[in-house]
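Trainee: Take these sequences, add in the hints, and give me the full structure.
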Amino acid sequence: MTVATEIKDPSPEKLLAPVLSAFWDEDRSWTLDVYQRHEGYEGLRKALAMTPDDLIAYVKDSGLRGRGGAGFPTGMKWQFIPQGDGKPHYLVVNADESEPGTCKDIPLLFANPHSLIEGIVIACYAIRSSHAFIYLRGEVVPVLRRLHSAVREAYAAGYLGKNILGSGLDLELTVHAGAGAYICGEETALLDSLEGRRGQPRLRPPFPAVAGLYACPTVVNNVESIASVPAILKNGKEWFRSMGSEKSPGFTLYSLSGHVASPGQYEAPLGITLRQLLDMSGGMRPGHRLKFWTPGGSSTPMFTDEHLDVPLDYEGVGAAGSMLGTKALQCFDETTCVVRAVTRWTEFYAHESCGKCTPCREGTYWLVQLLRDIEAGKGAMSDLDKLNDIADNINGKSFCALGDGAASPIFSSLKYFREEYEEHITGRGCPFDPARSTAWADHRTEVNA
Amino acid sequence: MTTTPEGVSLGMPQLPAPDYPDDVRARLEQDAREIVARYPDSRSALLPLLHLVQSEEGHVTRTGMQFCADVLGLTTAEVTAVATFYTMYRRGPSGDYQVGVCTNTLCAVMGGDAIFEALQDHLGVGNGGTTDDGKVTLEHIECNAACDFAPVVMVNWEFFDNQTVRSAKQLVDDLRAGVPVEPTRGAPLCTFKETARILAGFPDEREGAVEASGSAGPASLIGLRLAKGEAARVVHPRDGGPHDEAHDGAQGGAAPRDTAPHDPSPSEHLSSHDAPQDTSASDPAHPAGPTAEEGE
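Just so you know, the sequences run in chain order A and B. Quick note: this note's numbering has the first sequence finishing at residue 449, numbered continuously throughout. Quick note: this note's numbering has the second sequence finishing at residue 296, numbered continuously throughout.
Please note that a few of the clues may not be correct.
Quick partial rundown of chain A residues pointing at chain B, CB under 10 Å, derived from the structure [said to hold, decoys possible]:
| id | residue |
| --- | --- |
| 1 | Pro-12 |
| 2 | Glu-13 |
| 3 | Leu-15 |
| 4 | Gln-79 |
| 5 | Pro-82 |
| 6 | Asp-85 |
| 7 | Gly-86 |
| 8 | Pro-88 |
| 9 | Arg-152 |
| 10 | Glu-195 |
| 11 | Gly-258 |
| 12 | Tyr-266 |
| 13 | Phe-332 |
| 14 | Thr-335 |
| 15 | Trp-366 |
| 16 | Pro-434 |
No lab work stands behind these hints: they were computed from the structure. Cβ coordinates follow ideal geometry from the N, Cα and C atoms, glycine included.
Mentor: What follows is the structure in structure tokens.
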């Protein structure tokens, strides 16, 4: 089928590609039984038949890129681990999903935790690690329960522990619950936290591949990245590359949220557009239109309705001036005040700044002061340039990306909605009614029909 | 030489924290050994140990921090530095049920702000406050990775999805009255202390706790159902979740659709619930990518 005919057929059956989510609708989908019925742990068997170096090359050739936001090639991360160095190697899975808008790893782990565990065993075989960790954010106890249960099942079935499937591979897997800190989603802060310290980012180099957990070579991968590996092994790298684009191959989870008719998880080949996703799912809520949205969480510069046809892959979103990030498509309609939205995000960054770097710690604080004044109608026109200036002094000037993330909503909202900021200043207040934005705002009038 | 009456601060260091009673300490030491054994380096056990001491007293006390320091060979300053960094560790006594209303941007806009404000009025407490009966501690929380279920309320870190002002008020009333409540995703509620023990890495052994609330929430399944051609059977969380004041009947994903609140998309024929569902193109076991369909 050619690309042209594909475009003529915008049915969800053609546009979506459930892989990780393929059997979430089955009873007890989180159990080993159901996972094995869907060829679970077949990818592991194929992986164990390869040499670790061949396995790394295979994952590299598949083109899988990190699903945690940065899009770094997963196989390359594995390849960076020095071999024969006599030190223990570690795999740490980043399950600290906390980026505002991001909600893919949590449902994935809730419904299909074994895909992650199988991916972990494969990755540890590749990088010669005998101890892996899942760093799960603490605030999701239902997911923690299922991880505890799945790990226990995997040990009992011989997929974890000593001499896995007779391969000679030994692997311990520890599930570690965090304690509430957005910053621990940053990989070096996560490592400090896992070492029992305050979660503060480290200066790089050395990178974790050289000196990570306990100063040993460490791979830190996102949940979805690792969970995607078994399917690549099972179905082949050509199958994986048949989806998405040359530089952004494969399938991924898109999370639609906000003022849309059908918020939820949509697993599709990379490169689908927001317009396609909205067309198939009922669009925005009735009677409203899209105003602004994030392609990958609050740290990625926002888009507007001009960007509905941007292909949602790493290159497409980058070329349009933002980042694919975590594919957290938070959609806001015309009832939403952009100043309110940005103020709230900025309050979040100020709260979550770990305080290590001055530009981020002080900058986010002052951004909040200015934004609160503007939102309350007490701002001055000169504040808008000041916002830009402070954001510019944070962006790229801190150890980690939290600062860059804090600057993104400021820059992008001023770029697309400067007039709305000005309205708050000249009109001495917010022209929006927050009651109109709520999920139930339109139901009151319809309900007696 | 410190003959000053107690309570008068002369800038003297605090006295050492009182120890746990012997039996409590012995029990916690056994748990602690199990936790420390999970890690190549003992200090990694600090976060779970803090969850453990929180499960003992409901918050992280000086006694608890002293215990962690003793177990790991750290100073109390080192332990305090960590305990005060993370928001899940409580610094003072609070209620059996921690009710957290997400007020990060998306949930706030979708109604989280209204819910949080209403609960403060309803309970007569501010952010971080506990009701007089010691049942409910109200907090606003940050994004909890459930934006497709907005607005979200967490109780002891179980998900209560698609909340409204009315459903949230009912929720806290039930919690205070001792009426059992069940999360939309998660297990029947246990107390905050019991939750902290799970966080310390001790699995929830209650019968049915892992199974509770099924495989996935309705929003998690929407893409899958569309891909399988089951679009018309998709119950939108907005329509199926607990509704606002006027929608009392609606309960969970099984609720019938009411007053079709949006125009169906082309893919969503209202009569197709009895149409053939799976086609080869939508077989979930063979998810065909756009360029992998030469055979058609």
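Trainee: For each hint given before, does the structure comply? Return the numbers of the non-compliant ones in rising order.
Mentor: Of the numbered hints, 4, 5, 6, 7, 15 do not hold.
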